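Undergrad: Residue numbers (my numbering), protein chains in the order written: chain A, 1 to 402; chain B, 1 to 402.
These aren't lab readings, by the way, just hints derived from the structure by calculation.
Being a predicted model, the structure only gives us computed values, none of them experimental.
Check the hints yourself; a few may be wrong.
Intra- or inter-copy, both count: the list cannot distinguish identical chains.
Result set (EDC-like, lysine to aspartate or glutamate): computed pairs, CA atoms no more than 20 Å apart in a straight line [claimed, not checked]:
#1 K338 with E298
#2 K396 with E317
#3 K20 with E381
#4 K12 with D114
#5 K12 with D117
Number of protein chains: 2
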Amino acid sequence: MSELKISHRAEKTPPSPIRKLAGLAQAAADRGTHVYRLNIGQPDLRSPVEFLEGVANSINPVVAYEASKGSSKLIGAWSEYLNRGYNLGITAEQMLITMGASEALIFAFMVCCDPGDEILIFDPTYANYIGFSAISGVRLVPLPCPPRLGKAIPSREEISRYISPYTRAILVCNPNNPTGSVCDDNELKTLIELCRERDLFLIVDETYREYVFDNTKPRCVFELAPRDPNIIVVDSLSKRFSLCGARVGCMITWNQDVMRAAFHIAQARLAAATIEQDAAAHMLSSIGEDYLFEARGEYQRRRDTAVKALAEIPGVETYTPEGGFYLLAKLPVDDAEKFATFMLREFEYQGAATFVAPAAGFYMNREMGRQEIRIAFVLNEGDTKKAIEVIGAGLKAYGANR
Amino acid sequence: MSELKISHRAEKTPPSPIRKLAGLAQAAADRGTHVYRLNIGQPDLRSPVEFLEGVANSINPVVAYEASKGSSKLIGAWSEYLNRGYNLGITAEQMLITMGASEALIFAFMVCCDPGDEILIFDPTYANYIGFSAISGVRLVPLPCPPRLGKAIPSREEISRYISPYTRAILVCNPNNPTGSVCDDNELKTLIELCRERDLFLIVDETYREYVFDNTKPRCVFELAPRDPNIIVVDSLSKRFSLCGARVGCMITWNQDVMRAAFHIAQARLAAATIEQDAAAHMLSSIGEDYLFEARGEYQRRRDTAVKALAEIPGVETYTPEGGFYLLAKLPVDDAEKFATFMLREFEYQGAATFVAPAAGFYMNREMGRQEIRIAFVLNEGDTKKAIEVIGAGLKAYGANR
């Protein structure tokens, strides 16, 4: 009998709750069922034409390595884009291009923490943070922060209670995935001050920065703490410009030690993809403000449609998220994962099924979220409405089935 | 005074010896000096037209996420490509698409090893393995295997002596970077058998597989050990098709535990870039055998040119590599890094400078390689010859200068 075994950390890396049921969804689609995908933040909005032009322009006889730090054109265009919107004074020194926000977060975990060190997060949390922690050996310490708390983060006193000698950073996703909550300036200042006082890094995942609703102004944390060496911002084009497949993100920090170390890790993996960087540079240096303005309005309408449609289903509880493009909804079932599985495996309504992400995977606290699902309002209003109608019909059939 | 500190592992991640002097090379280029880049495996060969067509075809209104496992079209085309050449019987179950071979190697390190576990490597080694080990907390154990040993790996007995209770895998790059040595079938069998007997993983980095010279037949290790669950092959399109900037690699294994765990890590980082996967799928399903046949001949000629030109420089020692596109050359200097720095910072010959990689960064043993450089024979014969002529002139000037 072979003793060949995989590592403990590999055993502990959880499957993605967002993509977990993907095989069942594919099987349903293969049976001819139309599958509405509310499980994943994959918008149906068109990518900017400026990006597609950039891809065409990038076609070149030799697809060569980019610099490990990222294309200097892209760094120039992206920092200029941020400086224009938020007046941050970012130069090339503060920016490292990564393969999506995911890689920037992995770099941040590795640079801030040795195995066994801790990062405070707010629970529920973006499920892939749990994956990054397994990979990097970092212990995530969850502070309960359910979406209906009425605030984006717990109080300063509550947060302080969770800081231990092993704590190295606080990580906040703002606007939040999966809850859609948005930190106001006071909440951001609390985090900034606490991190300064306790010598912690503040990692802010601003993937959804521009998607804040009801006339809220988007905020980059550096506006409130210019050049703060405690802060690492993670940014991404995926959600902002409907470019999920481009895998272009970045890390922004004025902390030179962090930047140097992240750069060494970046050198080990050589470089991010060249064509996407060319195209993103072209896009960021030529796109107008209309794209985001229109996209923000569109997501707000989709949010309203989703919230309204969910409110019409008996027994479903939800709320109105302030930003991002997700919300959590509590269903009248014991186990939302079983229900989500049922919906893909056994159910269809008018030829359609809806793929939702069971929310338990977004909670570190295993007692929480069992009855909840995460919904991404990334489909057009008609599809969102129809997809939620399918959930309503599914709940009826599921109740009768058990 | 702030106690904000980066992690020990980040402090330990070394800068890439290949890219270390990149800033000086850029400065030389900015001064108007033509810089021959022999430091990095960035070929000047054209990327296949089938890839570029694939990029153009991929332009699509929504640049959406690919599957975490990789595009099913690409997996189909790549496995078919390998099965055609090596008769391996690979199906989609055995393949995971990664962001270059680099990511596949990081996944392999993490899946095979917990922090503190060991992987045996042959020294000198591909420098970025050292970076991957720092990231993953894996201890690399180096077996001395200098290029002029006359064999690609040490004897079975020597290798066995380095296996400890913490050893989890043997990693071999075949053909080798940086030495250019190629394992013959007996050497591969030794590794296969040893890993079976001692319950170790055998990780084979086959990035340079098709680049073997003097009519040697390229070998995939699975030909000698079909479906062996101990083996993980890492493959890449970067070098084979002059597509370094595409960042498309894969992991191949029949070990279902490894594949499942690697897939969970892959889910955490979502997906590899969509456009490159589309283009690679198009290329692999339509490209003929001419491209590789011609490229192999071209690299063999470049190798011969490089070896001949180096032999003409007094005091330089080198050898004829059997594969890959690198070789190590010993220079008549005390410290090759100082010489490489001199060449970029202070020297030019007929308007040109040559950028070489100091070889010390490729040796785990810090006593070794101080006088050596790694040369990538990735430039056309004329440029290779000229670049080495510049090295010769540089050595003369350096000797006189000291």
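Undergrad: Please go over all the hints and tell whether each is borne out by the structure.
TA: Here's how the hints hold up against the structure:
1. K338 with E298: neither (32 Å within a copy, 58 Å between copies)
2. K396 with E317: within (16 Å within a copy, 80 Å between copies)
3. K20 with E381: Classified as neither: same-chain Cα gap 26 Å, cross-chain 51 Å, threshold 20 Å.
4. K12 with D114: both (17 Å within a copy, 11 Å between copies)
5. K12 with D117: For K12 and D117, the Cα distance is within 20 Å both inside one copy (17 Å) and across copies (17 Å).
Hints 1 and 3 from the list above are not met by this structure, while the remaining hints are.
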